[in-house]
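Participant: This is what each chain is made of:
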Amino acid sequence: MKLFYCCYGGAHTSVTCASIHLGHLPSDRTPEAYEFAGIPFYDKMENRKLATPVFMGRDLLGWDIYIMGMKNARQLIIPAMKSYLNACRVEQENFLLVNALIELHPITSVGGVISRKFGLVPLGRPLTIRGIRKTYPRFVALVEQVKENLRSRQELS
Amino acid sequence: MRIIYYSYWGTYAAYTMAALHTGIYPEHGMPPDKWVASQFMLCRRYGEQTGNLIFVGLDDRCREVYSLGCRQHAGMVIRALQHISQIFHVEEPISFIDARKREGRLPGLLQTHAFSNRQAAERLFAVWFRKKYTACLQEVQQIRRALKDGIDG
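If you're matching them up, the sequences are chains G and R in order.
Start counting the first sequence at 0; every next residue gets the next number (numbering that gives the first Met the number 0).
Start counting the second sequence at 0; every next residue gets the next number (numbering that gives the first Met the number 0).
Please keep in mind that the hints were generated in silico from the structure rather than gathered at the bench.
A couple of the hints might just be wrong.
Simulated crosslink set (DSS-like; lysine-lysine; CA at most 30 Å straight-line) [unchecked claim]:
1. 48/G to 100/R
2. 147/R to 100/R
3. 81/G to 133/G
4. 133/G to 43/G
5. 146/G to 133/G
6. 133/G to 116/G
7. 147/R to 70/G
8. 81/G to 130/R
9. 133/G to 48/G
10. 43/G to 146/G
11. 81/G to 147/R
12. 43/G to 116/G
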């Protein structure tokens, strides 16, 4: 069973959600800026690798957690993935796509552009972290919702 | 093997080439007018639904042939499907065939402007179809020779 957190660049929001999901980041408090340094793939996705699912880990329920950046092609890539897996006779219950593009603090977007587009990582990365810390409870709420969904799926099956 | 013909729109050049590949459209001569009209209806109804794989049929080696509209994101869509294939351990290989250069500009105009006037749009589509058919056919013949995988009949 695979879960994909999807966002624009696959570098910040999806990575943060996946990290909360897997326990790399806390869900009971806002993490300190230095805690983001230890997260795998945070602010690392290269443009040429966009739409490549990256494995982040396996959660306690046995779901493989992936992150994926789709730029503005989300409404194209998601149906393509679903229809392809359908053609391959992969059961829909075996995968879940979660939109991790929650309303961001503008600082995150600015930092993301500076870091990923212009390559000024030392300047952009701290800004993305600052922005994510400001909206951190929204990430936690989304992940909790996803986990609840997974738990109820498991109970049903 | 799965063969996916892709272009900006999934119902124009990609579909025509996929239909030629599967033998739905004839290799000698043009298909009947009502078949062309049917493809026009397909464009009208499903042209905007890019991203959805359209199953066109099986070819002579029992390979599944699809058409797919990717708009301007073909690279990302292909990458996503190739990786998804690995993640879900899909053993059948996929072959992506670019139909973009056979599409031209008319499909874009039809999709965005001309469908409001159905008769004119249908005529324009028929013109486009006749103009592109031979080039699509030649390319499909080359592709079929190049793709070796499948079940020999």
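Participant: Evaluate each hint against the coordinates.
Facilitator: Evaluation of the provided hints:
Between residue 48/G and residue 100/R the CA atoms are separated by roughly 24 Å; this keeps the pair inside 30 Å, and the hint holds. For the given pair, residue 147/R sits about 23 Å from residue 100/R by alpha-carbon distance, which is consistent with the 30 Å threshold. A hinted pair counts as satisfied when its Cα atoms are at most 30 Å apart, and residue 81/G with residue 133/G does not qualify at roughly 34 Å. Of the pairs offered as hints, the one joining residue 133/G and residue 43/G holds, with about 21 Å between alpha carbons and a cut-off of 30 Å not exceeded.
The hinted pair formed by residue 146/G and residue 133/G meets the criterion: a straight-line CA distance of about 22 Å does not exceed 30 Å. A C-alpha spacing of about 22 Å is found between residue 133/G and residue 116/G, which places the hinted pair at or below 30 Å, so the restraint holds. Of the supplied pair hints, the one linking residue 147/R and residue 70/G is violated, its CA atoms being roughly 35 Å apart against a limit of 30 Å. Distance restraint check for residue 81/G and residue 130/R: the Cα-Cα separation of roughly 34 Å exceeds the 30 Å cut-off, and the hinted pair is therefore not satisfied.
With a C-alpha separation of about 28 Å, the suggested pair residue 133/G and residue 48/G falls inside the 30 Å cut-off, and the hint holds. With a C-alpha separation of about 25 Å, the suggested pair residue 43/G and residue 146/G falls inside the 30 Å cut-off, and the hint holds. At most 30 Å may separate the alpha-carbon atoms for a hinted pair to count; residue 81/G and residue 147/R meet this at roughly 28 Å. At roughly 11 Å between alpha-carbon atoms, residue 43/G and residue 116/G fall within 30 Å of each other, so this suggested pair holds.
Comparing the model with each numbered hint stated earlier shows that hints 3, 7 and 8 do not hold.
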